[in-house]
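Undergrad: For reference, the chains in residue letters:
There are 2 protein chains.
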Amino acid sequence: MSEKQFTIAVDAMGGDFAPEEIVAGALMARDKYENIKIQLFGQTEKVKPLVTNDQRIEIIEAPEVIEMGEEPVKAIRRKKESSLVLAANAVKEGTADALFSAGNTGALLAASIFIVGRIPGVKRPALLTVLPSIKNPKRPWVLMDVGANAESKPTYLYQFGILADFYSRKMVGVEKPEVKLLNNGAEEDKGDQVHIAAHQLLKNSDLNFQGNIEARELLDGSADVVVADGFSGNAALKSIEGTALNIFGALSDTIKNGGLRTKLGGLLVKPALKKFASVLDYNNAGGAVILGVNAPVVKTHGSAKRLAVSNTIGQIREMLETNIVGEVKAYVENNDATFNPPVGENEE
Amino acid sequence: MSEKQFTIAVDAMGGDFAPEEIVAGALMARDKYENIKIQLFGQTEKVKPLVTNDQRIEIIEAPEVIEMGEEPVKAIRRKKESSLVLAANAVKEGTADALFSAGNTGALLAASIFIVGRIPGVKRPALLTVLPSIKNPKRPWVLMDVGANAESKPTYLYQFGILADFYSRKMVGVEKPEVKLLNNGAEEDKGDQVHIAAHQLLKNSDLNFQGNIEARELLDGSADVVVADGFSGNAALKSIEGTALNIFGALSDTIKNGGLRTKLGGLLVKPALKKFASVLDYNNAGGAVILGVNAPVVKTHGSAKRLAVSNTIGQIREMLETNIVGEVKAYVENNDATFNPPVGENEE
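Same order as they appear, the protein sequences are chains A and B. Quick note on my numbering: the first sequence kicks off at 1 and runs consecutively. Quick note on my numbering: the second sequence kicks off at 1 and runs consecutively.
It is worth saying that the hints were derived from the structure and are not from the lab. Careful: at least some of the hints might be erroneous.
A pair counts as met if it fits within one copy or between any two copies, since identical chains are not told apart.
[As the list claims (entries may be wrong)] Pairs of lysine to aspartate or glutamate residues, derived as DMTMM-like cross-links and limited to a Cα-Cα distance of at most 20 angstroms, are as follows: (1) LYS153 with ASP192; (2) LYS190 with GLU151; (3) LYS74 with GLU188; (4) LYS270 with GLU188; (5) LYS37 with ASP54; (6) LYS92 with GLU178; (7) LYS135 with GLU241; (8) LYS135 with ASP253; (9) LYS74 with ASP192; (10) LYS80 with GLU61; (11) LYS274 with ASP253; (12) LYS203 with GLU178.
These numbers come from a predicted model, not from an experiment.
Let the sequences and hints guide you as you build the complete structure.
TA: Here it is as structure tokens:
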């Protein structure tokens with residue numbers, strides 16, 4: 001077989017339904033993709049009984065577990081024998097090629113930066129996610145940063161633009177991604193000082209920068225890449241999720257609690273609604289990528305079940321096949337003057 | 001008649017459907033509320049033909065119009081004879097009690113601050129809006145700031161909490177509003193420096209502060225007042241609006257373009273859907289309030305039609321009847337040490 005083999009380190013203990021659903025998802029992915037090997041990091045006595053077939057599966061004992069509420073940096077420093085830290089170490093040491101977790105996002109971020117390691121020249125690794133466009137279902141788009149960095153500087157946002165542009169080209173398959181900046185108005189002088197300066201950096205870059213986008217237009221499908229500071233990017237993403245979940249929940253309640261007429265109607269529209277809801281479904285969307293570190297690291301949501309886990313592992317495999325991290329590294333190394341433009345005294 | 005009479009200055013030329021829908025809405029409000037007088041500021045030759053009955057209506061000539069795209073501060077400085085500036089002047093001079101506009105938000109904000117005037121002691125007037133809670137339809141909640149201030153300091157956020165608490169008590173009728181801070185995590189050390197410091201100020205205040213709220217929970221109805229910096233508050237509000245509009249639009253397309261079965265079902269569920277959609281309808285929600293200035297100033301959305309205009313004028317009348325601005329002024333005057341707590345050197 002000429003296909004390249006990849007090893008993916010899986011934090012089997014992170015997530016609301018760990019280890020059961022994580023392991024089941026890992027096995028699904030193993031069955032689906034012939035060229036991956038999976039390392040399951042976790043408490044062997046819990047993980048082993050779940051592995052019904054150990055082909056291309058390795059179980060690596062990790063006695064400790066980082067919980068959802070733990071302070072990230074402390075957690076990875078103290079729990080050296082945790083599934084997350086050991087999985088990150090495997091990536092650092094090169095025995096695995098990429099890292100998957102459904103656990104504590106902050107801890108995964110800390111492990112990515114402090115263990116897997118920041119790509120030299122990248123100021124701040126950040127979280128990228130792929131979102132659907134409702135008006136234009138054939139145009140998924142990427143949003144970066146969705147919450148890795150609470151404080152932002154213009155150069156961080158500028159670098160997010162370049163990193164997310166790579167993702168859009170290599171992973172979403174957009175030839176020349178339209179890049180926009182999430183801001184509170186269309187004009188280039190809108191926003192706070194950080195966004196005004198970031199706008200200028202993006203405008204003067206080689207990116208196909210198309211100006212600001214307001215949060216209201218995010219789902220319209222008018223951009224391939226949306227650059228955001230981590231604080232408002234997080235607010236926008238979570239507002240979208242919360243609104244969609246609330247509306248679908250209320251809609252189904254309305255139909256369920258309605259009169260006979262409404263119930264019958266609900267039954268008839270159900271297949272159409274289901275098809276539509278799947279556009280917004282997490283389980284199809286894959287995970288949030290930590291971009292700017294030395295290997296693919298992808299986080300799926302805490303409540304992920306096996307299908308979401310398997311799809312996210314598929315996404316990681318694709319990141320390995322396209323060698324996106326390698327290409328980012330080569331770009332950053334060879335384009336330092338562009339990637340790290342000179343900035344004012346208050347900037348980094 | 002013992003009821004107090006109020007005069008409301010209406011910018012008849014602002015908004016996508018001005019002056020027709022603005023004037024029609026003003027006449028509706030005049031018919032509905034006996035104790036209001038309306039001053040219509042605008043181009044007389046356009047406004048007068050629309051006034052079919054001039055009872056409690058005064059038309060005041062304003063030859064200039066501030067357009068939607070104009071730079072706000074420049075616009076109000078240059079267009080002294082515009083409908084907005086003259087209406088704001090009437091409030092400043094006391095010939096009107098409150099100001100309504102559906103036009104350029106930035107210009108209305110500038111007119112509010114520079115003409116109507118900031119309440120002494122209030123650092124930054126800001127925009128407040130009332131939003132529905134989908135999970136808990138009986139619990140509308142207020143969000144402040146939704147975009148007046150792109151740059152924020154902890155003390156601004158703290159003051160927004162106090163101002164919005166007044167609004168929740170006086171206008172929404174909540175006895176002891178639960179106040180939360182929009183932040184990117186639940187723990188008190190989450191967020192950037194501004195939000196970490198604002199959290200402490202709110203926590204140590206007399207408000208019924210209940211900690212942080214994440215954007216995903218906004219529509220759950222778990223707070224009466226949500227304090228936000230203007231940048232991420234704007235991103236959250238617009239993400240909610242955009243998502244709701246996109247989902248309803250796509251839903252109705254799905255039903256319209258579906259097969260016979262889906263179409264029939266759609267027909268049957270329609271009344272239930274309509275009832276539900278009305279919870280999120282702008283036209284029922286009223287306008288965004290500029291709080292922190294010397295009189296009630298309310299902005300309704302640019303695409304407002306007569307019903308939304310009339311409802312917003314009703315909201316202004318209620319602000320006048322409850323004397324919320326007078327009470328805020330008295331509070332700020334008598335509680336300077338609380339309202340303007342001592343802060344560090346980097347603070348205002």
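Undergrad: If you check each hint against the structure, which ones fail?
TA: 4 and 6
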